[in-house]
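Start from the sequences and build out the full structure, keeping to the hints where you can.
As they're listed, the protein sequences go chains A and B.
Counting from -15, one number per residue, gives the positions in the first sequence under our numbering.
Counting from 6, one number per residue, gives the positions in the second sequence under our numbering.
Calculated from the structure, these hints are not laboratory results.
Just so you know, even glycine gets a beta-carbon here, dropped at the ideal spot from N, CA and C.
Incorrect hints may appear among the rest.
[Stated by the list, open to error] Covered stretches of chain A (chain B as the covering partner; in silico rule of three or more C-beta atoms under 8 Å from a C-beta of chain B): (1) 26 to 33; (2) 36 to 50.
[What the hints assert, rightly or not] What follows is a set of in silico ranges between Cβ atoms, one per label pair, in the way DEER data are often shown: (3) B:I415 x A:A59: 32 to 38 Å; (4) A:V77 x B:R311: 37 to 43 Å; (5) B:A383 x A:E46: 44 to 50 Å; (6) B:I368 x A:Y30: 41 to 47 Å; (7) B:Q230 x A:Y30: 49 to 55 Å; (8) A:T97 x B:Y408: 34 to 40 Å; (9) B:M385 x A:V77: 27 to 33 Å; (10) B:L364 x A:V70: 49 to 55 Å.
[Said to hold, decoys possible] To give an idea of the chain A side of the interface with chain B (calculated C-beta under 10 Å), a few residues: (11) R(-7); (12) P(-6); (13) Q(-4); (14) Q(-1); (15) S13; (16) S15; (17) E69.
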Amino acid sequence: MKLVIGIVRPEQANQVLEALHRAEVRGFSMSRVQGHGGEVERVETYRGTTVQMGLSEKVRFEVAVSDSFVEQTVAAICEGGRTGEVGDGKIFVVPLDHAVRIRTGDSDEGAVTPVSR
Amino acid sequence: MNAGIDTGDTAWMLVATALVLMMTPALGLFYAGLVRSKNTLNTFMMSIAAIAVATVTWAAVGYSLAFDGNGDLIGGLGNAFLSGVDFAPREGTTIPELVFFAFQATFCIITVALVSGAVVERMRFGAFLVFAALWSVLVYAVLAHWAFGGGWLLSGGTLDFAGGVPVEMASGFSALAAALVVGARKEWGRQALLPHNAVYVLLGAGLLWFGWFGFNGGSGFSTGQNSVLAFTNTLLCPACTLVVWFALDLIRGRKVTAIGAATAIIVGCVAITPAGGYVSPGWAMLLGALAALPSYAIIVWRTRTRVDETLDVLAAHGTAGFFGILFIGFFAQADWNGVSDGLFYGNAAQLGDQALAALAAPIYAFVVTFVLLKLIGAVMPLRASDREEAMGMDVVQHGEEAYVTGEGAILLLPDDVGKVAVPVADPG
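What follows is the structure, given as structure tokens:
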């Protein structure tokens, strides 16, 4: 099992959702985060106060998948998140020790594999 | 005090003018709630820009072209740059012409702001400023002359109390043309583009309704019977629109929606705008109820098309204004308005006069706006790049955000500004 973490532009989040759907990845969570990569920083002015915005809005997807699904998941996030400009984000794949589906108590592979209702 | 000035009338018109001016920031709030959060400020700023630009063009030539003389198609330049606009009463009224000028200016302003609803979230701010300046003269001032200033519609007998022609139909059909020329937002039809704050939408609509009492109640330029009638009709008509809209929402989706209610308030206020001083309170209530139907239908239909007339100016203003103008032709009542009867009271000719306005105004507004935007587009880009559109117009066009947190913001001292300032619109 792996945890795939994808950090993407908020405006690409819907594209990522669509790509994940097409790849038949059904379970994930997403959160709004702020981050800083190599992108050009925005300079904003508020009534004479000029600031350089070091953090950009990003959306963080977390997808727990069985090993056989890692490749499709990473490809889907890449496909949905890419615009070709600096600031498209990163994907991290980290090992996952243990997972439990709270409703049933299923654990590990069983917990991250979608079930038909 | 000049002879011919009535103090009561003048006092009311001073208040009414301020009420109508407030409608433009209210519209900005209404529109800002309907867009995505990254475009909040830009959308609001288009309304603020209308106050800036249209006031200047109105003082320069717009007022004169609309209200100087009785030319069929256009007024003269006798009042250009406020020449001769002073404390003497405006012809046909008991208020100083200065007040009359200011009151009419607020109408021009809000009409320009209304059109922005068609192009929000993608049109460049600079291009909008140019458009607003030219449109306020070429479309608004001309149609205001036709309907209010002594042009061919007014002299031909068309009744338009507070601006079904120059405000509502002009903005609605110009919005359609603007949406076609500027083009749809890039995600239109592929992604759900949702309103980001329904509370702004409701509050904006409520403040618009409040201001509309000055808009309609002031359009008699007095405290006379037509003004009083229009004032009370401005309460009755939108309330009936709301009730019918609730019913339509219930039938269609089993729930009464907040944004639907805000839309209904606008539709009802628009419908009573041309008819306010001409129809009885009873007919005004029927007008409000019936006006909900075509506007509701157009909103439902429009979202299934490729046309991204983003904030439904055509449905809310063009359609309801069209409906209100025609309604006068049926139900105007000389017993109430002292001017003319409609078809229902035996004067079929009035319906003909109304139909003429309902045909001429949309065609003029659509064609001139279409050509004007094509010409502006030949000189400068009308819309932001796809990349900028994705980032949001607030940061790209204004260098500000509506919901800035300050986290990660590094203060730049005056000496640093310019060294590190890489405009976000021009990365690299």
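Original post:
So does B:Q230 sit 49 to 55 Å from A:Y30, Cβ to Cβ?
Top reply: Holds - the Cβ-Cβ distance for B:Q230 and A:Y30, about 50 Å, lies within 49 to 55 Å.
Original post:
Is 34 to 40 Å right for how far apart the beta carbons of A:T97 and B:Y408 are?
Top reply: Taking Cβ atoms as reference, A:T97 and B:Y408 lie about 39 Å apart, which means the hint holds.
**OP:** Please verify that hint: A:E69, Cβ, nearest Cβ of chain B, below 10 Å or not.
**Re:** Hint on A:E69: holds, closest Cβ of chain B at ~7 Å, below 10 Å.
**OP:** Take a look at whether the Cβ-Cβ distance between B:A383 and A:E46 falls inside 44 to 50 Å.
**Re:** Because 49 Å falls inside the window, the suggested range holds.
Subject >> Interface hint outcome for A:P(-6) [beta carbon to chain B under 10 Å] >> reply: holds, 8 Å
**OP:** For the range 41 to 47 Å, tell me whether the beta carbons of B:I368 and A:Y30 fit it or not.
**Re:** Holds, since B:I368 and A:Y30 (Cβ atoms, about 45 Å apart) stay within the stated range.
**OP:** State, for the Cβ atoms of B:M385 and A:V77, whether the hinted interval 27 to 33 Å holds or is violated.
**Re:** For B:M385 and A:V77 the Cβ distance comes to about 47 Å; the hint is violated.
Subject >> chain B contact restraint for A:R(-7) - C-beta distance below 10 Å >> reply: holds, 7 Å
Original post:
Taking 49 to 55 Å as the hint, is the beta-carbon distance of B:L364 and A:V70 inside that range?
Top reply: holds, 54 Å
Original post:
When the nearest CB of chain B is found for A:S15, is that gap smaller than 10 Å?
Top reply: Violated, because the Cβ-Cβ distance from A:S15 to chain B comes to roughly 15 Å (cut-off 10 Å).
**OP:** Please count how many residues of the segment 36 to 50 of chain A have a CB within 8 Å of a CB from chain B and say whether that reaches 3.
**Re:** holds (count 4)
Subject >> Supplied contact hint for A:S13, tested at 10 Å Cβ to chain B >> reply: violated, 20 Å
When the structure is compared with the earlier hints, violations turn up for hints 9, 15, 16 and for no others.
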